[in-house]
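Top line first, the protein sequences correspond to chains A and B.
When we follow full-length UniProt numbering, the leftmost residue of the first sequence carries the number 1, and every step to the right adds one.
When we follow full-length UniProt numbering, the leftmost residue of the second sequence carries the number 1, and every step to the right adds one.
In short, the hints are calculated from the structure, not lab data.
Please note that the accuracy of each hint is not assured.
As the list claims (entries may be wrong) - Mimicking DSS-like on lysine-lysine, the simulated pairs with C-alpha atoms at most 30 Å apart in a straight line are:
#1 Lys103/B x Lys124/A
#2 Lys323/B x Lys192/B
#3 Lys49/A x Lys254/B
#4 Lys410/B x Lys192/B
#5 Lys393/A x Lys364/A
#6 Lys24/B x Lys254/B
#7 Lys410/B x Lys224/B
#8 Lys323/B x Lys367/B
#9 Lys124/B x Lys103/A
#10 Lys49/B x Lys24/A
#11 Lys364/A x Lys224/A
#12 Lys367/A x Lys195/A
#13 Lys364/A x Lys189/A
#14 Lys195/B x Lys224/B
#15 Lys195/B x Lys32/B
#16 Lys103/B x Lys103/A
#17 Lys49/A x Lys393/B
#18 Lys393/B x Lys254/B
2 protein chains.
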Amino acid sequence: MPVLVMKFGGTSVATLDRIRRAAKRVGVEVSKGYDVIVIVSAMSGETNKLVGMVEETSPFFDAREYDAVVSSGENVTAGLMALTLQEMDVPARSWQGWQVPLKTNSAHSSARIEEIPTDNISRKFGEGMKVAVVAGFQGISPEGRITTLGRGGSDTTAVAFAAAFGAERCDIYTDVDGVYTTDPRICEKARKLDKIAFEEMLELASLGAKVLQTRSVELAMRYKVRLRVLSSFEEQSDAAGTLVCDEEDIMESKVVAGVAHSRDEAKMTLVSVADRPGIAAAIFGPLAEAGVNVDMIVQNISEEGRTDMTFSLPINQITRAEKALNAAKDSGSVNFHGLVTDDRVSKVSVVGIGMRSAAGVASKMFKVLSDEGINIKVITTSEIKISVLIDRKYMELAVQALHDAFELEKEG
Amino acid sequence: MPVLVMKFGGTSVATLDRIRRAAKRVGVEVSKGYDVIVIVSAMSGETNKLVGMVEETSPFFDAREYDAVVSSGENVTAGLMALTLQEMDVPARSWQGWQVPLKTNSAHSSARIEEIPTDNISRKFGEGMKVAVVAGFQGISPEGRITTLGRGGSDTTAVAFAAAFGAERCDIYTDVDGVYTTDPRICEKARKLDKIAFEEMLELASLGAKVLQTRSVELAMRYKVRLRVLSSFEEQSDAAGTLVCDEEDIMESKVVAGVAHSRDEAKMTLVSVADRPGIAAAIFGPLAEAGVNVDMIVQNISEEGRTDMTFSLPINQITRAEKALNAAKDSGSVNFHGLVTDDRVSKVSVVGIGMRSAAGVASKMFKVLSDEGINIKVITTSEIKISVLIDRKYMELAVQALHDAFELEKEG
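Pulled out of the complex, with its shape left as it was, chain A reads as follows:
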């Protein structure tokens, strides 16, 4: 029998009613002849409640105990889903991570999957079981302790199972009905994409289109797992949602697939830094140690052996960054004349694998923004993405203008 992996996130299993609705979807796939592996998250709110209790108990907690506590939410959902399927006369049973066993390394709270033996579950499929319900987000370390994969790890669990079992597809059921050309709350012309390439999805995910966890997309790309994102709140056909797939599976792709944005960015400039080899490491080393997620980096050559260094970061990490940089200055490892922070910027990006072969996307983007009177503060580019930092007040306008200019409302 072909294997299908179906993953249901927290909102899709938030109540017993919703679990029933999800189970019905599973039943439909079983009736098509699939052996189904269902990956479930904790009922929505549960993991946050458990994390809250751990943090209140122990601010600098032992991650091994944290994992043992927070993994329990998924166990509950897995059992309830198996029972629901049984009630519908679908032969099903639950597996907790250690029962599979889903083997990970020992990096508690952010463990990496090392192996998923398939014999146990495959044997049950051979015996007539139709659905294996697996608690997502969790595994077991070489020491026999429970590990978790980090928040959103259930997506990664699903893709890893799809890869291990050679599944025909991995369907991620969530509370949105697919991946859009841009955020529909900002741009009413936003259109759902039928297909998107892994690389594009990666850029969109890391840019704040929080549909899929980045790691799961990376894993899917590496193992060529066809990922489908679709809503658990609507009746679904086989063509529903958005298929995240290999570039070659997309017949004709547009130059630009989507416009992404990240609202709460900040820009920090170190004014007049000594321009010497190793200066970037001296600046960004301490920032990384302080847990600052530096994103865009631009260095301007100024004069007399001194330069200005500008970077962007999430707005809520400004204090942390300032502390780290002032400490570095005090210790003498970095010298700068001033630190200028702008906390009213946003990032807007256009993403598309078609850019690789099409020239002129950057200049078109800059012209569109210029025509709207929007000043660009920082620019970075990759093979399939161009990002700019602009004043936050222009963010919506920029997204809409770019969506129009690249005609994203039209079908591919």
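Following the hints, position chain B against chain A.
Below, chain B without anything else, positioned relative to chain A:
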């Protein structure tokens, strides 16, 4: 190092504050030089919540999935307790049932413990760990699935660990401060017992003095585990609570240790049953199959080869019993002229190992009740217990009169 087992019930770990208080008690025992095994229940209310979700999902649930779901509450408490101890600089870690592994048979939802290997936890004690926190109530079947021991199974877990590790004592922390001569809500002269024999405790527990689960007392008696019941809500000395121990450990015991009661009983009489061999089996077989917990049974020889058969049962099982008996009558396996039900009776018992060697307890009991004008409807006796069924309205009066007559308010 000597090993001490400490068990904390649901109300003793109901909040993070209470877990902290319990952890402090554990810390005190560690500072005395014990290696401590802590058995925890789920935070109070959690197990009921999980059971409710399972029953709503599937009225005739797969007990394997039930166990997988309801065991999760204990896992949460175990992790939180380990974290709390670590915060107090007490080296601790948590174990879930399958990690020990606490091996049981495959009787899901009411599994029996088969083996508790000690090497894993003992090695950790050898490496400097001071407290092993174990999730109570759960184990693992030969098939590798999670089992539970039935409600209240955490007491049983605690005693089994004490037996396996040769613990010096097994302290059961609960919301009462010990075992009383009778229910203090009924008789204000009720006195806390310092010591009670296993056999007495068994009779009291099964008679509704719900301090300890019957199975845990049986297990403690078999393996001679010294059990102490004490309150987690009071400062405790080494002599606090009630020690449940071997008869020989009690120097001078009173003839009667306590007066027990069970309020919601019913009495059922089958009038004029054919008095032939096998008739008792023909009556009580169908009742057992219907899940009726028959307690006292009395048969009166009447005349002409017919007899009346009377038995007591919990009041909420009357309908079930009537159905089973009428079905048996319809099938022709039992014949009786009438079925008389009295749902306004209660059971009162006096319990004490001293009865074995002292005569006259029964006649004294009957005289006390008679002096109060209380009519006895059914009598049963064992070596260490005399029980009577009386009108419910006299129950409090009977308990108080017996408590007075046997001078239970006075120290041993």
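Consistency of the hints with the structure:
In summary, the hint linking Lys103/B to Lys124/A is supported, as the alpha carbons are separated by about 23 Å, within the 30 Å threshold. The straight-line distance between the Cα atoms of Lys323/B and Lys192/B is roughly 43 Å, outside the 30 Å bound, and the hint therefore fails. As the CA atoms of Lys49/A and Lys254/B are separated by approximately 51 Å, the hinted pair breaks the 30 Å bound. The hinted pair formed by Lys410/B and Lys192/B meets the criterion: a straight-line CA distance of about 10 Å does not exceed 30 Å.
About 21 Å separates the Cα atoms of Lys393/A and Lys364/A, which keeps this hinted pair within 30 Å; it holds. Distance check on the hinted pair: Lys24/B and Lys254/B sit about 36 Å apart at the alpha-carbon level, beyond 30 Å; violated. Simply put, Lys410/B and Lys224/B have alpha-carbon atoms about 28 Å apart, close enough for the 30 Å limit, and the pair holds. Under the criterion of a C-alpha separation no larger than 30 Å, the hint pairing Lys323/B with Lys367/B is inconsistent with the structure, at around 38 Å.
The hinted pair formed by Lys124/B and Lys103/A meets the criterion: a straight-line CA distance of about 23 Å does not exceed 30 Å. At roughly 24 Å between alpha-carbon atoms, Lys49/B and Lys24/A fall within 30 Å of each other, so this suggested pair holds. Proximity of Lys364/A to Lys224/A is assessed by CA-CA distance (about 33 Å); at most 30 Å being required, the pair is judged violated. Restraint check: the Cα-Cα separation between Lys367/A and Lys195/A comes to about 28 Å, which is no more than 30 Å; the hinted pair holds.
Proposed proximity of Lys364/A and Lys189/A is supported: the alpha carbons are some 20 Å apart, at most 30 Å. As the CA atoms of Lys195/B and Lys224/B are separated by approximately 15 Å, the hinted pair is consistent with the 30 Å bound. A hinted pair counts as satisfied when its Cα atoms are at most 30 Å apart, and Lys195/B with Lys32/B qualifies at roughly 23 Å. With a CA separation close to 22 Å, the supplied pair Lys103/B and Lys103/A stays within the 30 Å bound.
At most 30 Å may separate the alpha-carbon atoms for a hinted pair to count; Lys49/A and Lys393/B exceed this at roughly 48 Å. Taking the CA atoms of Lys393/B and Lys254/B, the gap is about 29 Å. The hint holds against a cut of 30 Å.
Hint compliance for this structure: hints 2, 3, 6, 8, 11 and 17 are not met, and every other hint is.
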